[in-house]
Amino acid sequence: MSTATTPTAAEAELAVQSRQAETKSLGYWAGVFKRVRRDPVTIVCGALLLLMLLAIVFAPLIAPHDPYQGSMIRRLRGIGTLGYPLGTDELGRDIVTRLLYGGRLSWFMGIVPVIFAFVIGTTLGVTAGFMGGKVNMAIMRTTDIFYAFPSVLLAVAISGALGAGIFNAILALTLVFIPQIIRVAESVTQGVRNLDFVDAARASGASGFTIVRVHVLGNVLGPIFVYATGLISVCMILSSGLSFLGLGTKPPEPEWGLMLNTLRTAIYVQPWVAVLPGACIFVTSICFNLLSDGLRQAMDVKG
Amino acid sequence: MILYLLRRIVYAIPIALAVGFVCFMLVQIAPGDPINAIVPPDAPADVVEQVRKDYGLDKPLPVQFALWLSKVVVGDLGRSLATGRPVWSDLRTAIANTLTLAFTASSLGFILGCVLGGLAGTFRGTFIDRTAVGVAVAGVSVPHYWLGMVMVVIFSVQLNWLPAMGAGPGGSSDWAWDWDHMKHLVLPAVTLSVIPMGIVTRTVRGIVAEIMNQEFITALRGKGLTRSGVFFHVVKNAAPNALAVMGLQLGYLMGGSILVETVFSWPGTGLLLNSAIFQRDLPVLQGTILVLAMFFVALNLLVDLVQTALDPRIKRA
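Protein chains in written order, with the numbering used here: chain A, 1 to 303; chain B, 1001 to 1317.
Do not take every clue at face value.
As the list claims (entries may be wrong) - Per label pair, the in silico range of CB-to-CB distance:
#1 B:1073 with A:28: 52 to 58 Å
#2 B:1123 with A:200: 35 to 41 Å
#3 A:74 with B:1029: 39 to 45 Å
#4 B:1062 with A:74: 40 to 46 Å
Don't read these hints as lab results, they were simulated from the structure.
In this text, a Cβ means the ideal position worked out from N, Cα and C, and glycines have one as well.
Kindly generate the complete structure, drawing on both the sequences and the hints.
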């Protein structure tokens, strides 16, 4: 009688096994997603960034004023002015509108150099790590040279020599981040290269290119990607910094760093309006940083 | 050990040469003919050619590099196009001022970072740990030029406690260790210190937590060693790595202080670079970057050597 309702020991064992199999069969990305879901900080940061992204993409729809249209009679209004909730800048342009439009360039210049550096740095780093020998020597010693410059100095030096402009700033920042990504890519590739399954693939006659494509890339892209997401925060601070120095975007283009630069003269008139663009950079940068930390933990990347 | 020292020093030479080459190339990648920076645009063609010859600009690039290098190694960085003075004469005071700022800031950041990181690593998972980690993340994520502006708003504009600009009374650029000068240093140094503070906190937390998990700490505790006794062992083990991070941070701040120097009009290398960029004064730009980068190379070398000397576990052949 009782055997019908309560499971036998064997059945219980089976149930445990199948449950274990269930958790095991969960894919890598499902596991990552599950861990991210349990991490409130990462969720909040991701949500905030998504919200900001939507706001700057749909800036033309939600911005209350024209970002370029100023007025001499309403310059430097304070926070809470009717119709201009965050005040106006030194040319009488609405701060809310300028911040919304400004986010577009700030985000663009914070992300694009990292993407370029990710593609180029991964290619060179994986090549160096996988090929070893003279190729490794050539790539890594060149990297050492760029490592001999502090990153801010290198960015300022290159964009200072080339002159102001968005393109030059992006070029300078890309050059700053390529060596950093090469180092990470090279070291993780070397770690993977010595594993048994690579030897097995080679023994079965796979070409070097196939081994990299099938066996190496899948194992190294994750860590490099996580490292690159961490660079977005740095890149945003640096690119806005270049604009702050007058080396990135040029007026009257709205950009957070440049806004901070032009509003700096108003620091005695409207101090709290003047620091608003920097607050935007800070929030974005800290969110990207925490998101990257969350991803690192969820994806179980060491270092 | 001696062999390692020698090898490390010898290895720094090609790096220094390559850094010199990159600095040399900065002028070459600059848009326009470098000759236009020397002669006025309406100069007659034969004068332009003469100047080109005098400056060696008609020779092939490798020869130009060799010529430039032979001058640089004896300390001749050329003359400023804007002032006509030798680059080195302006650079000397600027470097001293930047060093004052960077050293104060990195010491401050290092002390704060060690305290925060040490506490966080010892009391992992507690409220102290979470606070320290939060402060560290904020420290590395904050655009420090903005933090500088906020500091000015609070302490200069609102409270009127500290000066917002310059390095001394009356805009003097000569530094002295008296209160009149030092109160100019407070805001820029605190602003600049948040970066090393964040990084040192993270590093020290990691190192301390790792050491605390090792068996010898449990063994020491088991032997009945007091808390302060264990603390001494932790410091001894953490110091070499922490010092290495600190050394590199000083180098980063030397090169990275341009933004903070611009905010506070601190008369250092950053302000010099800033004006050189906007006056298209390429010799000053090149000279400043060269000296800062060389300083960084030397510091890297020094950190490596000190770390090897301090930590007997590092055996480098």
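So, going through the hints one by one against the coordinates:
no., hint, result
1, B:1073 with A:28: 52 to 58 Å, "55 Å, holds"
2, B:1123 with A:200: 35 to 41 Å, "46 Å, violated"
3, A:74 with B:1029: 39 to 45 Å, "44 Å, holds"
4, B:1062 with A:74: 40 to 46 Å, "60 Å, violated"
Hint compliance for this structure: hints 2, 4 are not met, and every other hint is.
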